[in-house]
Amino acid sequence: MARMNDAIEAWIAHIDSDRPFLLLDIGAGELRLYHGAALLRRCPLVAAVVDSNRAVSQRLRGRIRRYGAEPFQPTSAGPFDWEQYLAQEGDDECALWFDGGLLVYAHEVWLPAAPPAVRLALEDLRALFDTVADSVGLVLLPAGWKD
Amino acid sequence: MKAVILLRPFFYLLCLFLLVAATSSAADEDIRHRSLLDQLAARQRVDTPYIVIDTRGNRVLLRDPEHRVLRDAVCASGAARRFEGPKPYKHNWIFSTPKGRFRVLRKVVDPIWTRPEWDFLEAGEEIPVFAEDSRRFQRGILGSYAIYFLKDIMIHGTLYKVNLGKNITHGCVRVDEQDLSYLYENVETGWPVYVF
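These protein sequence lines are chains A and B, in that order.
For the first sequence, position 59 matches number 1267 in this note's numbering, and the numbering has no gaps at all.
For the second sequence, position 134 matches number 147 in this note's numbering, and the numbering has no gaps at all.
Treat the hints as calculated values from the structure; they're not laboratory data.
There may be inaccurate statements among the hints.
[Claimed, not checked] DMTMM-like, lysine to aspartate or glutamate: derived pairs with alpha carbons at most 25 Å apart:
id: 1; chain 1: B; residue 1: 179; chain 2: A; residue 2: 1338
id: 2; chain 1: B; residue 1: 112; chain 2: A; residue 2: 1299
id: 3; chain 1: A; residue 1: 1354; chain 2: B; residue 2: 42
id: 4; chain 1: B; residue 1: 179; chain 2: B; residue 2: 85
id: 5; chain 1: B; residue 1: 179; chain 2: A; residue 2: 1301
id: 6; chain 1: B; residue 1: 112; chain 2: A; residue 2: 1316
id: 7; chain 1: B; residue 1: 179; chain 2: A; residue 2: 1233
id: 8; chain 1: B; residue 1: 179; chain 2: A; residue 2: 1300
Quick caveat: nothing in here was measured; it's all calculated off a predicted structure.
I would like the entire structure built from these sequences, with the hints used as guidance.
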């Protein structure tokens, strides 16, 4: 119950901040993009493996992009400066990585994804990848929070 | 053995204390939970309906204060294309729809399009010297209505329905005539516009 309350408290704090944030509602099977109280986009979860002891409030640590056969590289530290300049938008194999360890991905190249991980549809992930700012907040809402 | 018998009451007291503490903590959390749910319900409600523009999915949504979708329209939004004009003038534009939170600034019937410099350059035409030059103004290009949410950026109609659903514009958001009429009639000045 305390964890659930912490999550709701973090959600309220994000609404008050009047900035974009993500809400992972495990019970509803959705990752939602909000701006303050306004609901911008609903992204249904294709798959989710989230253990119950993860931090309920997380921040985006890196937008991860895949460069050919090279290992995964954060865009801020990638070796191909020219490519970063040209390709700002997310592609199918990109992913979002949060400081609580949560990975948000869409493509099967990430399988098997170590928990905690959430899989979205390709279009939803690309939309979020392009939209969210660095260090955007994410609230992990445990199932049964309304009870 | 004697010591165990002597300590037994203290053990029972300790157990009772822990049980009371746990029950009290759970009750506190329950009270906190109800209070937070009330706060959340109050915070989630917004004062007015709002427009959401999804530049990736190319949709315009009108949502009511309970976040239900009132209208879901296909749109065309900014192409995120760079355009460089003639070198001597160092003209440089990026045609993308600005992202963030804005407000409906004004609604216009039968809007006149004031051609920006880039339109003349793209068409290979000479840029008129005077601001009043008639070549700068065109009627009918923007459709029947325009809903401005920035000084030069608006939701307007289109002559090219085939391009709806694409990232193709110079920054404005185009919708078809039916959706434009609905939005014009139902959206009020001051309502929030969220672009992402």
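Going through the hints against the structure:
1. As the CA atoms of residue 179 of chain B and residue 1338 of chain A are separated by approximately 16 Å, the hinted pair is consistent with the 25 Å bound.
2. With a C-alpha separation of about 20 Å, the suggested pair residue 112 of chain B and residue 1299 of chain A falls inside the 25 Å cut-off, and the hint holds.
3. About 14 Å separates the Cα atoms of residue 1354 of chain A and residue 42 of chain B, which keeps this hinted pair within 25 Å; it holds.
4. Proposed proximity of residue 179 of chain B and residue 85 of chain B is supported: the alpha carbons are some 16 Å apart, at most 25 Å.
5. Using a Cα cut-off of 25 Å, the hinted pair residue 179 of chain B and residue 1301 of chain A holds, with the two alpha carbons roughly 22 Å apart.
6. In summary, the hint linking residue 112 of chain B to residue 1316 of chain A is not supported, as the alpha carbons are separated by about 30 Å, beyond the 25 Å threshold.
7. Between residue 179 of chain B and residue 1233 of chain A the alpha-carbon distance is near 30 Å, which puts this suggested pair outside the 25 Å criterion.
8. At roughly 18 Å between alpha-carbon atoms, residue 179 of chain B and residue 1300 of chain A fall within 25 Å of each other, so this suggested pair holds.
In terms of the numbered hints stated before, the structure departs from hints 6, 7, listed from lowest to highest.
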